[in-house]
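Trainee: What follows is the residue order along each chain.
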Amino acid sequence: MKKNLIQDSGFFILFLCMLTTLIFLGLIIYFISVRGLKVISWEFLTQGPRMGMTQGGIAPAILGTVYLTLGAVLFALPLGLACAIYLCEYSPKGFTVNLIKMGINNLAGVPSVVFGLFGLAVFVKFFGFGVSILSGSLTLGIVILPLIISASQEALLAVPQSIREASLSLGATKWATIKNIVLPTALPGILTGIILSIGRAAGETAPILFTAAAFYTRGYPRSIFSEVMALPYHIYALMTEGTHPDQQTAIAYGSSLILLFLVLLISAAAIFIRQRQKNIHG
Amino acid sequence: MDSKVKIKAEGVNFFYARSQALKDINLDIYENQVTAIIGPSGCGKSTFIRLLNRMNELLPHTNITGRISLDGRDIFEDSVDAVQIRKRVGMVFQKPNPFPKSIFENISYGIKVNGIKDKTFIEEKVEASLKKAALWQEVRDRLSDSALKLSGGQQQRLCIARCLAVESEVILFDEPCASLDPISTAKIEELITELKKDYTIVIVTHNMQQAARVSDYTAFFLMGELIEFGRTQDIFTAPKDKRTEDYITGRFG
Amino acid sequence: MKEKIYKGIFAVLAFASLAFLMGIVIVLFKEALPIFQKVKIGEFIFGRYWYPTYSPAEFGILPLIMASVWVTFGAVLVCVPLGVGSALYLHELAGDKQRAIIKPLIEILASIPSVVYGFFGMVILTPFLQDLFHLPTGLCALNASLVLGLMAVPTVCSLADDALNYVPKSFREASFAVGANRWQTLTQVIIPAAGSGISTAIILGMSRAIGETMTVLMVSGGAAVIPHTFLEPVRPMTAAIAAEMGEAPMGGLHYHALFAIALILFLITFVFNIVAEMISRRFRIKLGLSG
Amino acid sequence: MKVLSRVLTLALVTLGLTIPCYAEKIVVEGSTTVLPIAQKAAEVFMNNNSGADISVRGGGSGVGIASLIDGTCDIGNSSRSIKDSELDKAVTNGRSPKANVIAMDGICVIVHPANSIGALTKKQIKDIYTGTISNWKQLGGPDEKIVVISRDSSSGTFEAFGALALDGSKVRSDALLQASNQAVASTVSRTPGAIGYVGLGYVSSSVKAVDVDAVKATKETVLSNKYPIGRPLFMYTNGEPKGLAKQFIDFILSSEGQKLVEEEGFVGLK
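Protein chains in written order, with the working numbering: chain R, 1 to 282; chain C, 283 to 535; chain E, 536 to 826; chain G, 827 to 1096.
So here's chain R without its partners, still in its complex pose (with noise of 0.2 Å):
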């Protein structure tokens, strides 16, 4: 009897934690759309600021994430699943391997500040790009990639070995299962890795600050190596440099509501995608 006790308050713990996270998730939705439903509209999703940023709208700085955040993943993605499957798949088992995962684990726990200062150092001067989407997206590329290697190094682990080898033995190429029959199974367990990063490099404020982010440009970028808006870094500056509190705001509260739905969405379209491939692989 005492056995299902334990197992009954063990349960109603798991419970508790459970709900718990989620009513922090509803309590942070919750007061980010009330308050920033009550700024939002069509012209300020699609104008840009006016009158010192009291207001206007925010339509640069939609812009400016979407072009970072996509520019960030496109650049971490492939150089950090190649890391991952390098390691995984082709390099020796050993101490180099351990101790490359080792320093790619700590790196998530650099502050961002110093990304920020390593891009202004290297793409924005070193490399001459200058302030730009370029920089900014090479920068934020960074900040996720070892969170990309992790994710995708976990998935690319959990593959049976069983199916490896029942590939090999079929006359496939090293690489040929690995394209054919090592990625499909492990693409559920990377694309939560891109999730995460796609969350993570959405809402960076400091790396951007240094490399990429403008408080105020006229129009919109003109190529990768203009400088550009972004929704952190405009919420950032609204809520600690504007002078004039009451209407920034509210403006900062619709653009984290428009930065959570821009950030939900593409998170949403990746979860679809892992979705729909772990229902075709059973």
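Among these hints, one or two may not hold up.
[To be verified] If you anchor each label on the Cβ, the simulated ranges turn out as follows:
| # | chain 1 | residue 1 | chain 2 | residue 2 | range |
| --- | --- | --- | --- | --- | --- |
| 1 | R | Gln47 | G | Ser1032 | 24 to 32 Å |
| 2 | E | Ile561 | R | Phe95 | 16 to 24 Å |
| 3 | R | Gln47 | G | Glu1066 | 35 to 43 Å |
| 4 | R | Arg50 | E | Leu802 | 43 to 51 Å |
| 5 | C | His488 | E | Ile544 | 37 to 45 Å |
[Said to hold, decoys possible] Computed footprint of chain G on chain E; a stretch qualifies when at least three of its residues, placed anywhere within it, have a C-beta under 8 Å from a C-beta of chain G:
| # | stretch |
| --- | --- |
| 6 | 668-677 |
| 7 | 754-762 |
It is worth saying that the hints were derived from the structure and are not from the lab. C-beta: ideal position from N, C-alpha, C; glycine also.
Once you have looked at the hints, place chains C, E and G on chain R.
Mentor: Only chains C, E and G this time, still in chain R's reference frame:
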């Protein structure tokens, strides 16, 4: 009755890092015959069979001396690509390992990977292989279902069909029925005797009765050495070496 | 021959990404070491006063380190039970339908940008804590711990849930076969088997909390003093770096001191990761699972 | 694998959409305090001159000056005068930073509206910030612990307040160091026992400005230097301003420009 030698092992030694798994193995595998390899667990029989299609190369720190020839050519020559060897020497593993794909894709995978793209040819090949593997009747109308939904016995026959689709000349069975029920095991054994006409078969097994029923030749391994090799009737009725006799009569192992 | 080319391509890309990541470490060391010509390491780490712009300037970062320790410890108290607890609930109790809804929801929590968390903490949590504990200000270590912990929950939960799913079903069936109920199976068989994945999840969630800059800057209060309770304002290392880096003259002593803080933070997380890795490896070997 | 390649090609298309076209462009970067002025002025200036493209960046006085020295920006905003170390670096880089004062900023001491205290002497302010006075009762106010709010020690606003009001002495170590004017203002407005200081522009109805040495902080008292805690805001240029940078600074110094400065809550130079 002795036909041509398909695979010949001469003076083969195999090392995992520092420990020696196989000592001075000399063995002939005859074409279109079933050769069974028996012995207690850890005697090196699985290690030996995985040498024949160079699967052991995947493990780090392994080393091999001596010569293994397929149709006369040494399979470890530098110019020989392991991929070609594995195409000609198929393998069915102890635990069925179908790909997490549909039944059709499982079979067609091997064909496509070896560069064949003609759709109708692939479809015919898939049907022929499934028929040869005695699975066609059970799956003909649900080829797009996921292979993971099949039973253990069906999955193992699917793996066999996969090898047939790649036109392997030799099929290695690494304790194929270890995780199967008696009915599926019987089906697999029937299938092996059927396949003997077109393929050379090597089967590693714990099950003495299975070896006696299915194989033409039997090799007895102990502690990494080949103790005795000969026709299956001779080995089971009049073993020359005392250790073989003890093992067969179940006194140890 | 083609195989060699593929292996070469992947090796080049792998080392390119490693080169970028090592680049960060190199910049960290290059910009941080000059401070130690002026201030001895012992003074720097254990100094109790952080007055970088006065003359004579005092570069003591003990208050900043202790603040980071308190806030990170607080975040762990929040994110481990919530994160791992939710992952276990999802794995063990939630039906397929429930799972299909809750798992994406949790991942959405992961994609909420950190600046929105900071915003939420600043505008809603701060007044709430201020009234609840009758504090002079709601900006304190507890506020930062709650927000950071909450931010780390989705990372911990997603990766822990993936780890639990990789545990083979045969383990569960074997445990049921000997008459263990679901809770015993979960605690004595499944969690240990998924140990390495769960510890990686916690490490990554923790690293996110330690490295977080913007949120901490907005909600932790910013008092560079060694905290005694959770209800005092604190100034974690990342907050000090983010707040002061923009204003400090580039290449000046203060600029190098801030980089030194980042370097020490990096070394602390490095040591922490090694310890965590050893624990999880010994944990795995005890269970007979490969590394 | 197919899915991933489709996502990547889609992203490439959107990135390629942008159409490059050229107009004279300057970059204004630096102090967060000067940011609102620079932004408003840039917006109005660009409305008047369609050919001009001015982009405004924050980051802080240190970043602004450093970018000017590195040549990655045309105008470096700063709420403090350039430091010797920065000047040396400029000289080695062959740059000669020239200070253009574009506005004055009075630093107001603020308290919670409910606080009965309305005036403080500079000495009292110094005693509060250095920790000798720690309860409002000692100043005739309500019996409440004083919560000292300050700016992090590298900000330009703190630099001026530290020099002018505290004569360089150290702020008590348990003071709440906020990262921006607005953070100070919002913390003071929500904390009954708080005292803080912000630029004139950030004083709003939610806080109460306190007279310093019996002088009220207004535009006139700051300009006439009667108000003791005031400081200039700079736009540094490399040598004499020229081209679009000159036109922009001249516009800010014009009567229309100074009106914008006042709208943002700072003190015009007229």
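Trainee: Of the numbered hints stated earlier in the document, which are not met by this structure?
Mentor: As far as the earlier hints go, not one is violated by this structure.
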